[in-house]
Each structure stands twice: as structure tokens, then as C-alpha cells.
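Could you put together the complete structure from these sequences and hints?
Residue numbers (my numbering), protein chains in the order written: chain S, 2 to 354; chain H, 945 to 1322.
In case anyone wonders, no lab produced these hints; they're calculated from the structure. Where hints are given, some of them may not hold.
[Stated by the list, open to error] Calculated from the model, a selection of chain H residues having no Cβ within reach of chain S, i.e. all distances over 12 Å:
| id | residue |
| --- | --- |
| 1 | R1028 |
| 2 | Y1034 |
| 3 | G1092 |
| 4 | P1095 |
| 5 | P1252 |
[Unchecked claim] Quick list of in silico lysine-lysine cross-link-like pairs, BS3-like style, CA-CA up to 27 Å:
| id | chain 1 | residue 1 | chain 2 | residue 2 |
| --- | --- | --- | --- | --- |
| 6 | H | K979 | H | K1268 |
| 7 | S | K107 | S | K135 |
| 8 | S | K135 | S | K102 |
| 9 | S | K51 | S | K260 |
| 10 | S | K260 | H | K1237 |
| 11 | S | K51 | S | K90 |
| 12 | S | K107 | S | K27 |
| 13 | H | K1236 | S | K214 |
| 14 | S | K107 | S | K214 |
| 15 | H | K1237 | S | K214 |
| 16 | H | K1236 | S | K260 |
| 17 | S | K77 | S | K107 |
| 18 | S | K51 | H | K1237 |
| 19 | S | K142 | S | K102 |
| 20 | H | K1236 | S | K51 |
| 21 | S | K102 | S | K90 |
| 22 | S | K260 | S | K313 |
| 23 | S | K141 | S | K161 |
Glycine residues also receive a C-beta, built at the ideal position from the N, C-alpha and C atoms.
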Amino acid sequence: MTTLTKTEDAPAPTGGDAFLSVRDLKVQFSTEDGIVKAVDGLSFDIERGKTLGIVGESGSGKSVTNLTVLGLHNRKSTHVEGEILLEGKELITATEPELEKLRGNKMAMIFQDSLTALSPYYTVGRQISEPFRKHTGASKKEARDRAIQMLEKVGIPHPKQRVDDYPHQFSGGMRQRAMIAMSLVCNPDLLIADEPTTALDVTVQAQILDLLKDLQQEFGSAIIMITHDLGVVANMADDLLVMYAGRAVERGSVREVLKSPEHPYTWGLLGSMPRLNSDVDEPLLPIPGSPPSLLNPPSGCPFHPRCAFTDKVEGGKCKGDRPTLPVGRGSACHLTADQKQQVFIETIQPRLG
Amino acid sequence: MTMSENNQTTTAVAEAIPQQRDADSAPLLQVKDLKKHFPIKGGFPIRRTIGAVKAVDGVSFDVFRGEALGLVGESGCGKSTTGRLLTRLYEPTHGTITYNGQDISTANRKQLAPIRSEIQMIFQDPYASLNPRQTVGSIIAGPMEINGINPPGGREARVRELLEIVGLNPEHYNRFPHEFSGGQRQRIGVARAVALEPKLIVADEPVSALDVSIQAQVVNLLQKVQREMGIAFVFIAHDLAIVRHFSQRVAVMYLGKIVEIADRDSLYNRPRHPYTHALMSAVPNADIDAVKKERIRLEGDVPSPISPPSGCRFRTRCWKAQDKCATEEPPLVQISGSREGHLTACHFPEEPTTADRGEDIVLDPALAALEDESGANA
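If you want it as C-alpha cells, here you go:
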């Protein structure tokens, strides 16, 4: 179990076994139109060998969080507050050379669009062996052998010949495999996968997800899986964090969040997605309205303008007070625990089929 | 082959939408052996055609009045090209499209004019399909203007009414597309498509560019206009769950061909084609307590449509393939054990019952190797 034990407002030192812990992270960009609060007070922990799924819609801050963990944000225009501790080492204040030592070595990333993430100018083999040479000091020959070995591991046919191919000579699924090979070449402890299968076809997606799962068992990496597809996290993740408007609104184990969700936004996500076994005569249950602008997020609970249950909360707290995400399993919502359970069982669950 | 196919599809609809059948049993749209080959030019100094991308390569199906036919498949299977052929945005290379008894596959501009108003299209990308220099009002009134339609009360009143139908504020009549979010723009696209009260709408991935919570809004809207206005839909998408939710009949395409077409229940619960079966098993299920289905993991990607495999096109990734599959192309027919109207193009189809399925099939060599290893260690 990943320990999700800190409240949003407690930037305390990490508990014992968390391998990456993020505390009260705030990321703000200054733009011409004003300050964009892309991430606003986010905390989570992840243990070695576990998978944390982060779900949310576009603009919910899930990608920004992970770019910040890797230090890939633009330092000039970005204001970062909070703590990111990787094995107790603070990453926010780390210098660029320090981060360079970690990136590709201790932590690596798999991007969504493999065609833009890979350089068209270098061969696949060179791009895989580069981080290996940099971090281990291996010779060209050793690095090339390692690249071939990794290509074979991820299932590229004829790796000895394909290692000299350029990315455009690979199909979409093969490029994504090559990117996985590149990210795993130094046995990283943390792997961040940002929508790794969104651009792929469903049969290829299934191959890639299984491949990631099998490789995780072998390498023992922790994976942060960013996606908007609840089906993908149900398959892959141990724990789940639901994000909305730059904040975590619900977290818990995958089973807890998918089987007894507590936050109205999570209900909305579940109700919006038809399943292969749902009742086709029931209309979908969409969330009304559209995601808020992060330039000027709603006061109080950011979900209140789209929430159908604000009238159940007394004193208009939804508009005024920002709900906190409690310790461990829980949701950032003003409804009482009984209300959440009652609403879910009575009105939401029957519609999910 | 196409004739017999046709007869069978005609009967298929009996179960799906009996009420329409009573009114008029002739299909609204008949597609026969439709092909679209895009030439590949090359050579120096004289560029000539050196090959063709066989995007759509012999597709036949019917669409009945008021029904929604889903078209699914992976990228490059030709589903979008098929959609554009139906609306004559592309010229077919071969085959016929019969709309309401009239062959429109070779009709010229003038002959097509009255039909264009009856077949409309909704595009995938709501950012690219609306003219940024026109107001919403003129975008939606455009089709009426071109077709010279003057609704009672004037075009503006009709546009406001349409805006209301699709869930937008009629006061937004004078706004420009950039003032709207993605979901709202797609609603404008829907309003434009239904402005002329068409009989058929081809929706090409209408929700795949939208966020999850907005997708459901647009799907519900499309379903509302389909039911209330009795419009037939060709619903093209790659998301199997959304297609299942929307369509009464579904066709599965692979490399320019339809490999299986059936009513929704048969296709999703008792697929006969190995590809359909693999596709279903690849969909990740958000229900973690769902009965564990067999896991089928194919090898590699879809082959190139420039030189598709001989015989059955799926044979290069199929676990049941035999010599016959390479030499003989399987016809799209109703095979024994299938329900009426359930057509499958396969020499060695899956069993009609799901009882004896359940074994995992892992064809991907990397996965198989990793899983053998971990199995041996455990």
C-alpha cells in the first residue's frame, strides 16, 4: 500500500517508506492574462514498486505536476512552492546539474506523443544509449549492446537491425516501445508515464500496458500513471488520485475510488463513461458545464459551479470554504460521509450498471 | 457475393428497429463494393503512379431509416475515408452508393445538390471545422442559405431555435467560434448538421477530441436529435464502448474491409471474427470486479494498407490462421450459428457460444517472454 497519510496543509517531513513524496505543491505560471494556478496545494506519496494513477481532464494539472517533479518546467516563468522529496532529497531547490544526474537515471518519463518526444535526427539506438552512457560511463559498444538488449526486451522484432533505424521508420506502437526502452535503460526507481497509450489503438494499448506491468515487476520501479481513462487505471494502478482544477479532490486505493467513490466529480467521471456491459437504454450522466479556467478558478470548492449536490451542504460552504482532502482515503468535499454514501448508493450506483 | 450480403443485411434490421421497417423497408443508403485507392506518386523526372494506399477496399453495407450504424476499427482501417465517401467529399474509385434509390457515387454537382441537404456530416475536430471568421449565426444559417431555404419566421429565428435545441444560449447568435469551449463548438457543429433536417448524418469521431465529462454531454445530445428527429446515423469512432452505447448495429473494419457486421448484442457478446474478439478483450474495463475475460494480446501493429496481406487481411496477426487464409479471401457472410444478419468474414470463426472461451492468448513475443520468466521465477 502506498502511504497516503498527510493532509493537504501539512508540509511535514516524509514518513518512513515513501520513495517520492510531494507536499503542498503549488505551481503557478505568469502569463499575459494573469497568473495561472496550474497546481494548487497537491500532496501525495508513492512507494517503490507501486503504481499511482492520476486521473483528471485536460487542464487539471496532472501533467504539470509531473513535469515539475522532473524539473522540466520553465524556471523563468514558473513559480513553484512546496516540497518534492525523492528519497529524502529536495528537488525543487536542486540545481540543474543535480537534476540532470537524476533524470534518465533515477527517474524517467514516457511521453504521450512518441513522434514528437523522439528526435527525428538520431537513430533509435543512439537515443536509447545516450542516457546509459551519460549515467554509467559505458563505452559506445557497451551502450549499443544495452540498447539492443532493451529493444529486445520491449518486443521490437530484429533488434540488431532496428537499433540503427530512425524513429520515422517505426510504427506508432513500436515508437512507444522504444520510448519505454529508453526510459528503462538505467533501471530508474521512478517512472512517470504521461498518457502513454492515449495516441495508440486499443489492441496496441493493451500490449503496451501489459508490457509496462510486466517490466515493472522485473525492474521494481514506482510508476506514476497519468491518464484520463478510468479503465486504464483500473488495470494498472494500486492507488488513485483524482484531480480537478489543479487540486486533488479524491484519493484512495483503486478499488476504493472506483467502487465507492465519494466526490461528486468522480461520480461524474464514472457516469460519463459508457462501459462494454452498461445498459444502453440509460442515457449517460454527464457533468454539466465545462472545466473552469485556472486563471480565475471558482471560490471555495472549485467544482461547485458544476456540482448537483451543493444544496445539500448548509450555509453555502461550497462557495466560500475550500474543502480539504483528509488524511489517507477521502475526498475534498463538504458533504458529510453519510451523505456521500447515501447519494452514491441511491442515485449514482444504480445508473452505473 | 455482394448481392447475397445485401439480402442478409436487409433482414438484420428487422430486430433492431421494427418500427422503421414497417414504414419503409428499403434501406436509406446502400453501399456496394465501395473502394477508395489514393495514388502514390513517385519517380524522376516524370512522376507517375507507383502504387496506391488501399484505404477502403470493397465495403458493402446498408443503413436504414432512423437507425444508427456504428463503424469501428483502429486507425488506418478506412472508417473515416468511408464516411467521407458517403458524403461524397471523396470520389470513390469503385463501387456504388445508392441513396434513396438514386446512385450518387458518380452524380455530378447539380444532381447532388438536392441530396447534399439530406446527408450531413459532423467532424471530429471542433476547432478546425468551424470558420473562425464567421459568427455562429452565419455558420448555422449557412446550409439554409446555400439551399435557399426560408423557414417560417426567418432564418435567424430558426438558428436561435437550433441553438436552443443543442443546449446553447440563443443570445450567442453573434459570437465567434473562438469564444466557445470545445464541447460548445461541437454543439455548434451538431446544430449546423441538423439545420436542414437531414435524413442521414455521418458523424466522424464526433466526441474523441473532447474531455470525458463533455463527451457524455455530446453523446446524449446526438442521441436526442437522433431519436427526436428520426435521423439515421453512421457513427464512426474508435471507442468501442461509446459506439455500443450509440448504435443499434455495428460494423468492424480492418485494413479497408468490413470483417464483421451485426446487431449490437451479437457483436459485443458473441463476436465470431477473431479480430473483433481481440478488440473486445483489449478494451480496459473500469469495473474491477467484472468477470475476468480472456486476455488476447496481438502481435505488432496493423500492416500497411499499401500492400495488404493476401487472402484474409488479419491472418498476419491471427492465432487461428492456416494456409487457406493466405490464398483465399473469406467472404462476408452469415456463418452457421450466427444470428440473422450477423455477417462475418472468416474461414475459421470463433464459436458462437462464449462458454469454452476463457483461455489467454498472448501472441506478443516480448510479453510472452517476460511472463514466462516471471512464471519460472514464481
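Hint-by-hint comparison with the structure:
1. R1028: Given a closest Cβ separation of 20 Å, the condition holds.
2. Y1034: Given that every Cβ of chain S is farther than 12 Å from that of Y1034 of chain H, nearest at about 23 Å, it holds.
3. G1092: Nearest chain S Cβ is 36 Å from G1092 of chain H, so the label holds.
4. P1095: 29 Å, holds
5. P1252: Holds, because the least Cβ-Cβ distance between P1252 of chain H and chain S comes to about 15 Å, which exceeds 12 Å.
6. H:K979 with H:K1268: 25 Å, holds
7. S:K107 with S:K135: 13 Å, holds
8. S:K135 with S:K102: 9 Å, holds
9. S:K51 with S:K260: 20 Å, holds
10. S:K260 with H:K1237: 19 Å, holds
11. S:K51 with S:K90: 20 Å, holds
12. S:K107 with S:K27: 23 Å, holds
13. H:K1236 with S:K214: The given pair, whose Cα atoms are some 17 Å apart, holds under the 27 Å limit.
14. S:K107 with S:K214: Satisfied, since the Cα-Cα distance of roughly 19 Å is no more than 27 Å.
15. H:K1237 with S:K214: Between K1237 of chain H and K214 of chain S the Cα gap is close to 18 Å, so the pair holds against 27 Å.
16. H:K1236 with S:K260: The given pair, whose Cα atoms are some 16 Å apart, holds under the 27 Å limit.
17. S:K77 with S:K107: Roughly 25 Å separates the two Cα atoms, so the pair holds.
18. S:K51 with H:K1237: Judged against 27 Å, a Cα distance of about 24 Å means the pair holds.
19. S:K142 with S:K102: 22 Å, holds
20. H:K1236 with S:K51: 22 Å, holds
21. S:K102 with S:K90: 13 Å, holds
22. S:K260 with S:K313: The given pair, whose Cα atoms are some 23 Å apart, holds under the 27 Å limit.
23. S:K141 with S:K161: 15 Å, holds
No hint from the list above goes unmet by this structure.
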